[in-house]
Amino acid sequence: MNYIGQSVTKAFELILGFDPDIYFIVWTSVRIAATSAFLATLAGVPLGLLLALKKFKGKRVVSAILNTLMAVPTVVIGILVYSFLTHQAPLGSMGLLFTPTAIVIGQFFLAFPIVAAMVFSVAQGKDKKILKTAYGLGATPFGAIKSFIWEIKIPLLAAIMAGFGRVIGEVGVAMMLGGNIYRYTRTMTTAIALETSKGEFALGLALGFILLIVALGVNSTVSYINYRSEKA
Amino acid sequence: MKKVFFLVLLCCLIVNPVFGTDVIKLATTTSTDNSGLLKALFPAFEKKYDVRVDVIAVGTGKAIKLGENGDVDVILVHARDAEDKFVADGFGVNRRDVMFNDFVILGPKNDPAKVKSAKNAADALKKIASSQFTFISRGDDSGTDKKEKALWKAAGIAPAGKWYNAVGQGMGATLQIANEKQGYTLADRGTYLAYLNKIDLAVVFEGDQAMFNPYGVIAVNPALYPDSNYLGAMQLIGWVTSVPGQKIIKDFQINGKPLFIPSAVK
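The listed protein sequences correspond, in order, to chains U and G.
Quick note on numbering: this note's numbering labels position 132 of the first sequence as 200, and the sequence is numbered without any gaps.
Quick note on numbering: this note's numbering labels position 91 of the second sequence as 96, and the sequence is numbered without any gaps.
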């Protein structure tokens, strides 16, 4: 057990000593995951609202597909996106494989269904009267939607954070599409996998702790905002 | 709509900052990367030529595939037959020898299969197979894996059964598994030396001519992939085969022992 103790000590040394490599890896992870979650929000919120507020044919199919996508293993998304980005593939000439952008594309498809499905379920449960009231007060359709979004802002934030949570901790897409390139596409999870394979458990554990801290930070922020809004 | 488009564009810029420097994509083997050699070899090169080397560390088989698909600009691998085929099939040009080391058979320190008494590599594997003692194979079509398969073939054995574990992972991870299971495995000497203090395995067989392990560097054919960074690839090949590059390889040590012997400059 001495071994674990040493690793933990080393981990805190690395974290508190502001090891530049560690912090660069954390920054890469957070930057990529935040971008993916943001793009997933841009696409997922409109789709979720559309499913909840409009009646159209094939709505059940779309929502079934979304629910399925939420459970798709990250490596499946990884290999699908890979097959589009490899040099001889349709998008190959863009040279995106093994870049942070490639990871963002893969992670987008991981986060997007979560955001869309959560927005769908929240918006469905919300009273549609808000829309009618807004229209009654002379709002444009865009303005009405805006006030509706404002009404569900807290669960919406939770949805975005859930999307972020799905991608910050995944390793399949980041490894396959990013290639774990040092100082470029090495994220916390791919670094942990690499360090473990190298037998460098301290560095792996240090990153594991930081990953936990980031997750804890995100979740506490969401609960705090939730708490404040319930109080208000 | 315009706003959204602008935001997406902004995201792309944040995530993928456009560097002023040229990027060279190198696919190489986990054995060179895990040993730490590349971190010693490339910084001086990157500084001198104002380039960035993106290292993608995979097995030799996958590295060659990445080269065939034009996903990288240059490969540094160790599987001579596969390398020659890569060049003969027109995917690669300008192959150069870089360095060599050798493979070793590792096993538990008490050597339960008595491999130490083997006359040659094939004999060593025969002893492991006949005693059905745990053997951990890379099983990932890497250079080491190709070598291991060739050695089994030379021994006239098709390894199968509960004792033979193909784990499908890199050299480092395979050593970890062999260590945990206290089994036998084939490893390149460089990675073994890098892991010396982390594992409880000993060299039980070494020195057979059949276990020679040469590394070669090959540029991806620019005639096939005109948009590949051929000039960068040739700069990199020039560097690793130059006198200063070869000196870094020669001076690179872990635990006081050299890992690779340079072979480009005699």
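Hints in this document: simulated from the structure, not taken from any laboratory.
Honestly, I wouldn't trust all of these hints.
Stated by the list, open to error - In the DSS-like style, the derived pairs of lysine-lysine whose C-alpha atoms are separated by at most 27 Å in a straight line are:
1. G:K70 <-> G:K203
2. U:K78 <-> G:K151
3. G:K119 <-> G:K67
4. U:K78 <-> G:K262
5. G:K154 <-> G:K119
6. U:K127 <-> U:K78
7. U:K197 <-> U:K214
8. G:K271 <-> G:K52
9. G:K203 <-> U:K78
Stated by the list, open to error - Stretches of chain G that chain U covers, calculated by requiring three or more beta carbons in the stretch to come under 8 Å of a beta carbon on chain U:
10. 55-62
11. 68-76
12. 198-206
13. 251-257
All figures in this text were calculated on a predicted structure; none of them were measured in a lab.
Even for Gly, the Cβ is constructed at its ideal location relative to N, Cα and C.
Against the structure, the hints come out as follows:
| no. | hint | in the structure |
| --- | --- | --- |
| 1 | G:K70 <-> G:K203 | 32 Å, violated |
| 2 | U:K78 <-> G:K151 | 37 Å, violated |
| 3 | G:K119 <-> G:K67 | 34 Å, violated |
| 4 | U:K78 <-> G:K262 | 26 Å, holds |
| 5 | G:K154 <-> G:K119 | 21 Å, holds |
| 6 | U:K127 <-> U:K78 | 53 Å, violated |
| 7 | U:K197 <-> U:K214 | 14 Å, holds |
| 8 | G:K271 <-> G:K52 | 26 Å, holds |
| 9 | G:K203 <-> U:K78 | 16 Å, holds |
| 10 | 55-62 | holds (count 5) |
| 11 | 68-76 | holds (count 3) |
| 12 | 198-206 | holds (count 3) |
| 13 | 251-257 | violated (count 0) |
The structure fails to meet hints 1, 2, 3, 6 and 13 from the earlier list, while all remaining hints are met.
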